[in-house]
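Peer 1: Those sequence lines, one after another, are chains A, B and C. Counting from 1, position 19 in the first sequence corresponds to residue 29 in the working numbering; the numbering is continuous, with no gaps. Counting from 1, position 185 in the second sequence corresponds to residue 195 in the working numbering; the numbering is continuous, with no gaps. Counting from 1, position 15 in the third sequence corresponds to residue 25 in the working numbering; the numbering is continuous, with no gaps.
Watch out, some of these pointers could steer you wrong.
[What the hints assert, rightly or not] To give an idea of the interface, some chain C residues facing chain B are shown, with a C-beta separation under 10 Å as derived from the structure:
id : residue
1  : Gly19
2  : Pro20
3  : Ala21
4  : Tyr24
5  : Thr25
6  : His33
7  : Pro50
8  : Gly83
9  : Pro86
10 : Ala187
11 : Pro191
12 : Tyr204
13 : Gln212
14 : Gly214
15 : Thr237
Think of the hints as simulated: they come from the structure by calculation, not from any bench. Keep in mind that this is a model prediction, so the values were computed, not measured. Cβ atoms here follow ideal geometry from the backbone N, Cα and C, with glycine treated the same way.
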Amino acid sequence: MIVLCTDFGPAGPYTGQMQAVLHGQAPGVPVVSLFTDLPPFDIEAAAYLLPAYTRGFPPGTVFLCVVDPGVGGARPGVVAEIDGRWYVGPNEGLFALLARRADTARCWQLAVPPGASPSFHGRDVFAPVAARLARGGSVPGEVTDPTALLRPDWADELWRVAYVDHYGNAITGLRAAVLEPGAGLLLNGYLLKYARTFSDMQDGLVCWYENANGLVEFASNRGRADTALGIQVGTPFSLA
Amino acid sequence: MIVLCTDFGPAGPYTGQMQAVLHGQAPGVPVVSLFTDLPPFDIEAAAYLLPAYTRGFPPGTVFLCVVDPGVGGARPGVVAEIDGRWYVGPNEGLFALLARRADTARCWQLAVPPGASPSFHGRDVFAPVAARLARGGSVPGEVTDPTALLRPDWADELWRVAYVDHYGNAITGLRAAVLEPGAGLLLNGYLLKYARTFSDMQDGLVCWYENANGLVEFASNRGRADTALGIQVGTPFSLA
Amino acid sequence: MIVLCTDFGPAGPYTGQMQAVLHGQAPGVPVVSLFTDLPPFDIEAAAYLLPAYTRGFPPGTVFLCVVDPGVGGARPGVVAEIDGRWYVGPNEGLFALLARRADTARCWQLAVPPGASPSFHGRDVFAPVAARLARGGSVPGEVTDPTALLRPDWADELWRVAYVDHYGNAITGLRAAVLEPGAGLLLNGYLLKYARTFSDMQDGLVCWYENANGLVEFASNRGRADTALGIQVGTPFSLA
Numbered sequence: 011m012i013v014l015c016t017d018f019g020p021a022g023p024y025t026g027q028m029q030a031v032l033h034g035q036a037p038g039v040p041v042v043s044l045f046t047d048l049p050p051f052d053i054e055a056a057a058y059l060l061p062a063y064t065r066g067f068p069p070g071t072v073f074l075c076v077v078d079p080g081v082g083g084a085r086p087g088v089v090a091e092i093d094g095r096w097y098v099g100p101n102e103g104l105f106a107l108l109a110r111r112a113d114t115a116r117c118w119q120l121a122v123p124p125g126a127s128p129s130f131h132g133r134d135v136f137a138p139v140a141a142r143l144a145r146g147g148s149v150p151g152e153v154t155d156p157t158a159l160l161r162p163d164w165a166d167e168l169w170r171v172a173y174v175d176h177y178g179n180a181i182t183g184l185r186a187a188v189l190e191p192g193a194g195l196l197l198n199g200y201l202l203k204y205a206r207t208f209s210d211m212q213d214g215l216v217c218w219y220e221n222a223n224g225l226v227e228f229a230s231n232r233g234r235a236d237t238a239l240g241i242q243v244g245t246p247f248s249l250a
Numbered sequence: 011m012i013v014l015c016t017d018f019g020p021a022g023p024y025t026g027q028m029q030a031v032l033h034g035q036a037p038g039v040p041v042v043s044l045f046t047d048l049p050p051f052d053i054e055a056a057a058y059l060l061p062a063y064t065r066g067f068p069p070g071t072v073f074l075c076v077v078d079p080g081v082g083g084a085r086p087g088v089v090a091e092i093d094g095r096w097y098v099g100p101n102e103g104l105f106a107l108l109a110r111r112a113d114t115a116r117c118w119q120l121a122v123p124p125g126a127s128p129s130f131h132g133r134d135v136f137a138p139v140a141a142r143l144a145r146g147g148s149v150p151g152e153v154t155d156p157t158a159l160l161r162p163d164w165a166d167e168l169w170r171v172a173y174v175d176h177y178g179n180a181i182t183g184l185r186a187a188v189l190e191p192g193a194g195l196l197l198n199g200y201l202l203k204y205a206r207t208f209s210d211m212q213d214g215l216v217c218w219y220e221n222a223n224g225l226v227e228f229a230s231n232r233g234r235a236d237t238a239l240g241i242q243v244g245t246p247f248s249l250a
Numbered sequence: 011m012i013v014l015c016t017d018f019g020p021a022g023p024y025t026g027q028m029q030a031v032l033h034g035q036a037p038g039v040p041v042v043s044l045f046t047d048l049p050p051f052d053i054e055a056a057a058y059l060l061p062a063y064t065r066g067f068p069p070g071t072v073f074l075c076v077v078d079p080g081v082g083g084a085r086p087g088v089v090a091e092i093d094g095r096w097y098v099g100p101n102e103g104l105f106a107l108l109a110r111r112a113d114t115a116r117c118w119q120l121a122v123p124p125g126a127s128p129s130f131h132g133r134d135v136f137a138p139v140a141a142r143l144a145r146g147g148s149v150p151g152e153v154t155d156p157t158a159l160l161r162p163d164w165a166d167e168l169w170r171v172a173y174v175d176h177y178g179n180a181i182t183g184l185r186a187a188v189l190e191p192g193a194g195l196l197l198n199g200y201l202l203k204y205a206r207t208f209s210d211m212q213d214g215l216v217c218w219y220e221n222a223n224g225l226v227e228f229a230s231n232r233g234r235a236d237t238a239l240g241i242q243v244g245t246p247f248s249l250a
């Protein structure tokens, strides 16, 4: 299975152009769009979401990840094999938290093939490599030290909102397991209490809960947490 | 074929997470997103749209339907076999109109497997069941009376807007066949006349027509009916 | 491969309804959504985008293209075979630039089958034909002169914005190869210089570059060109 995680947006044409490459070069392999709306250009937010949202996938899954404001510049492209899954994309930190928390990690640096567009490596560099890996082909590129994936300047948890979903729920880069059970959190001057799931929240009240992927998420039962508290991607929070 | 009808939104990550389960557990079965933007939390609107938008599908189609504000609470999950098609999802009325208008209906109540997230039964409860049905597997769960699907407190037709599409057309929960040919309708103080299709509407005028799925829909030729008349999901209307 | 180019919007239900027809009538053929958000009703914009965005696809690809405000009226539906690829959709100019620039073009006019909805030929007329072509079936319809595809009243290049993407980049209908290298462009009173790719643009400055499909595009490095300069679909520009 090939899984797409990008900031391309839910409509055209970039996802479709990558899918066409994938269907052409890895026929019969299912292609799933996991995220098409990662926050634009926000490599750090994506880096903290990826470990949570990719961990449930079977070994051998190929993640084609493109949040790539530096495309066409000096930043390298990589293939990473982390805990039995493949990741392909630009290397400016996108896989840094995956690598930091990995049991096993290997890394290859990708060359840019002649004729690749300087503005769309997703289609011209990364998708062909993802297709090749999904077919069981050998890894292209030059082996490099997986420490190249790391960003030692980044913290272990991201104490800000990394994604706001269609319901207005705000997903953070903080793993719920890090908190004391029932901890209170402070955001935009509001104290946010813990709830187990939406239906346990008092109507109109924004709470935090451990979402289905293990991250702290701010939500409101049948309401929008983002508009209720003025939350957007990047909004910081702290322990109460 | 597995068909998704949800309020998850057009982007990530929930649809992709369900698709990953489906491709993993029902390999080779096509998965189609019919609705990813049913009105959030609005079970009633979805219940009146489903009969119109699922009737054209072949026997054996599996509809995985998730509008589920009560997830993790006491509301049960169900499998329903209605007129030869399968429906899987939470039971708070989502399949009520399908069941009311059915020639044949059977129903099973689903247990929540251990380890299921209390906030994402779509991925952890309903998608595995949909995959199993699409593979031709036996129905899990306990047989229950299909009257459990019904909502006797709901009317036969929904005289309000149930969905606003990308063009600004407003789809209602009213079947056009119920109206006298050429009837006039009143909405927000406007009298809306009948037209056969968009190109028969006078420019700038909002009309109602019988849409391609048999429902009354308000539209404007090359314009937006929603902004022209201040229509949103929930806007009521009546006979003139 | 069947490729969808429509103005249906990124969510439901129209794309899913067409995909259901395609999976049912052309089992196993991959279906890719290239554009689901072509500018609504804007046949001309789509006509200049199609040559750029379809040229990279392999011979035999079937493009199912629906920007169709005249649906149900007198406008004919067509199949066009242009330079070895298939195009199916309404004929009000959608394929005019493809045909004008073609080495080889053939054309068939489609009949509307009985029972087709007068408001959704995409599902009832064009999708079944696309499925048939993708299966290798014969072309239905009556051979007609491919000059029927042309719009002699349209210019060779479209000097206006034809599409604004998720990042706020503005794609035009002008092929970059037509311009002198490094030419300056004028839009909304701003002088826009040339850059090779995003990372070569000075922060905060909107430039034009040749996008990954050969068209002139206005963009800003890690910013939104559309809001910076007040650009929307239809905004004209000229040589400086």
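Peer 1: Next step is simple, just say for each hint if it's right about the structure.
Peer 2: Hint by hint, here is what the structure shows:
no.: 1; hint: Gly19; result: holds, 3 Å
no.: 2; hint: Pro20; result: holds, 4 Å
no.: 3; hint: Ala21; result: holds, 4 Å
no.: 4; hint: Tyr24; result: holds, 8 Å
no.: 5; hint: Thr25; result: holds, 8 Å
no.: 6; hint: His33; result: holds, 4 Å
no.: 7; hint: Pro50; result: holds, 6 Å
no.: 8; hint: Gly83; result: holds, 4 Å
no.: 9; hint: Pro86; result: violated, 13 Å
no.: 10; hint: Ala187; result: violated, 33 Å
no.: 11; hint: Pro191; result: violated, 38 Å
no.: 12; hint: Tyr204; result: violated, 33 Å
no.: 13; hint: Gln212; result: violated, 31 Å
no.: 14; hint: Gly214; result: violated, 27 Å
no.: 15; hint: Thr237; result: violated, 20 Å
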